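Chain H: place on chain S using the hints.
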Amino acid sequence: MSLFTFAKTEFHNLFSRPVTEQYPQKPKQFKERTRGHIENNIDLCILCGMCARKCPSNAITVNRAERTWEIRPFSCVQCGSCVENCPKKCLSMCQSYTRPGPEQTARLLRKPQPAAKPQPAAKPKFSAAPAPVGKSAS
Amino acid sequence: MSTRSVVPFGPHHPVLPEPIHLDLVLEDEKVVDVIPSIGFIHRGLEKLVEKRDFRDFVYVAERMCGICSFMHGMSYCEAVEHIMGVELPPRAKYLRTIWCELSRLHSHLLWLGLLADAFGFESLFMQCWRLREKILDMFEASTGGRLIFSVNKIGGQRRDMDNAMLHGFVEKLGGLEEDLKGITSTFLANSAVNSRLKGVGYMTKKMAQEYGVAGPFMRASGIARDTRKLGYDAYGDLNFEPITSTEGDCYARTQVRVRELFQSIDLIRQAVAKIPEGPVAVPIRGFPKGEYMVRVEQPRGEAIYYVKANGTKFLDRFRVRTPTFANVPAMIELMKGCRLSEIPMLILTIDPCVSCIER
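These protein sequence lines are chains S and H, in that order. For the first sequence, the working numbering begins at 975 and goes up steadily by one. For the second sequence, the working numbering begins at 20 and goes up steadily by one.
Just chain H, same shape as in the assembly:
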């Protein structure tokens, strides 16, 4: 009978994008059990909502996470706008959609880079992040910040992107699309990469449903659900279908995210073609009273935001259920029975954003 040893993995590890601790119970090379610990990056941001004016809390909400930052700020604003009965001007909705899709592009490119780094292919990691820099330049030109944009406010957007800027972006994205085709063919066709991804972490459709997972992690197991189809912001006017795969392993999840990259570029083109003229914000009066839940499609999956207001300038409660929190139990289950060298792949395959789990 082989002896069991417990290897502590994280919170500091070169392969981890964010701090999470896993105690891996190993029998030789095989992982028998995984005990997770979270809480290294808990900052008490949900409690802070009781101490900041609800108009200023947008800046705190968007700093919950660096990668998903735009959608956190946007969803908080949407929840408060619904409670106050504020109707957004259509141009603001389109701008939000465009920035959302650019965020998704940059997040998936970041993830592709981290995945390449996880199996040791550092040059591919650098190439993905070199292409991501082009998107970060677009963010800096339009919002002033590379990761934290601070363009959302309750009632609309603080900044506008004029048509010249939007068309410039669409042109740059066209050039990016060509570069992306070259890089993603390495992920999907290269035999060395495939040997690390195919057959690893197979999740059946039934398991995905039982564990309640979200995002590309879920769609790669055959469940065609995308929260963008709810039609919030300008998504109701855009033409797209959820991207799914039936294979359910790490390779299928990579494939789904790669196809989502190209889908995002297409969505941005559609939105820029249809964006109407008009104001980008409406003034707001008074304080919110009531509660509302908003569901958006973060790059990692469906995120749920609950806001409860009591009529004063401080909100009662702000609760966020992020997609990574829903994916972690399934990830733990997939890890049982795998080899130690597959652990980085399995952690990255859910696209973990631990800052979001533990605000």
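Chain S on its own, in the form it takes in the complex:
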């Protein structure tokens, strides 16, 4: 049994910098694969609702009638199930964690209405059909 087994570590710690990261003054460095929060490219989204069905914590709500996609970041567990199952690959997992806040605000994205499709030109309204070619007017 010894008495000074921890002395070397203690001595080393007395004269070295603290290991604690000075967060939030020094922003956090995320790794490449860090699962932080979900982003949706709403222009590519087709509002199929697959992400909402697959979410294990029911954090995503898709409303086709109102063309909205909403996520509650504080319910999201960053599993990545929605990203994997999205047919259009519009969802992506980003590295930074959801920022803390005083309320659990949701993030709502609204898909703009599609531009009106060009209509074919209206048929001109004539009272009589044009005279057929070849028939002489006698």
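FYI, nobody ran anything at the bench for these hints, they're computed from the structure. A quick note: this is a predicted structure, and the numbers were derived from the prediction, not measured.
In silico BS3-like pairs for lysine-lysine, Cα to Cα no more than 27 Å straight-line: (1) H/Lys293 x H/Lys153; (2) S/Lys1028 x H/Lys66; (3) S/Lys982 x H/Lys153; (4) H/Lys332 x S/Lys1063; (5) S/Lys1062 x H/Lys332; (6) S/Lys982 x H/Lys217; (7) H/Lys248 x H/Lys327; (8) S/Lys1005 x H/Lys153; (9) H/Lys248 x H/Lys293; (10) H/Lys355 x H/Lys49; (11) H/Lys308 x H/Lys66; (12) S/Lys1028 x S/Lys1005; (13) H/Lys49 x H/Lys217; (14) H/Lys327 x S/Lys1028; (15) S/Lys1000 x H/Lys191; (16) S/Lys1063 x S/Lys1028; (17) H/Lys70 x S/Lys1028; (18) S/Lys982 x H/Lys191.
Chain H residues, not near chain S, derived (Cβ > 12 Å throughout): (19) Gly194; (20) Pro295; (21) Tyr311; (22) Asn329.
Sample of chain H residues at the chain S side, in silico, Cβ under 10 Å: (23) Arg71; (24) Val79; (25) Glu81; (26) Ala160; (27) Ala211.
Note that CB positions come from ideal geometry on N, CA and C, so glycine has one too.
Same frame as chain S, now just chain H:
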């Protein structure tokens, strides 16, 4: 005749890693009886299996506990894979083994820190957790999450670790091994630490067998049983023996877990040397029908997972028997007759994971 008093211990207590309530019946300094209460962290996760698609339930299963999370998700996947008759590619098995052993490393380091905190040695607690941060960095680099990995899916793994990453990890573990030798010598050789651990909570081999305890708690009393020897995943290809001790007190359990730390580093080295190339997942079709039981070696002991499926996308039953649940009755018995100051040591000596007991 001294009077008896009942001291409520927990569920909130600085020394407890997770909420459990013990009513300690004291006669002066001696504990005469212990009445436990559990249920503070019951979330009904086993019932939730009836309401989540079996492919999505992996994310719920791995959130049963933060420390044992990888093996919960992995064992659930293994049970469903067996029911569906899915054969895993060998690379997936090796990846699971490597992540399992890294989980064991991080869990034992966490426990060593909590043990040091329990007898008041906070600097040692911080040093253990500083070393654990290096493993958590490895987890974040390979899976994206520090404690909850979400890399298991039915049919294999969602992510791969390429050989460059694996060799980088083995190098880092080499450096960690040197640091660990310094820290663990404090646990095993320091006279102040030894006076708190030696002779406390002595459990005979017979008592361990009668109470059906699991894990290092059991192996420290001389029973050489390790569920990894069943050969699931890649453990059949790796070379190791269960680590036991014959002394059966808190010091022996600390010794067993410390030796398991070094054994895990060795197992990871072996697995990285032998890992084959290939795909990491196979696609699955259809729904499972049948039942299966999986036994794995969690850091705390043997855990048993039972899955029953009925051919639809919701499973019928998912039952987990975690090692801490098997260890709690023996812990209660060991507490009778000890001093009040030994209670934290005895609680921590089983490495309690109360989230696992009460999913």
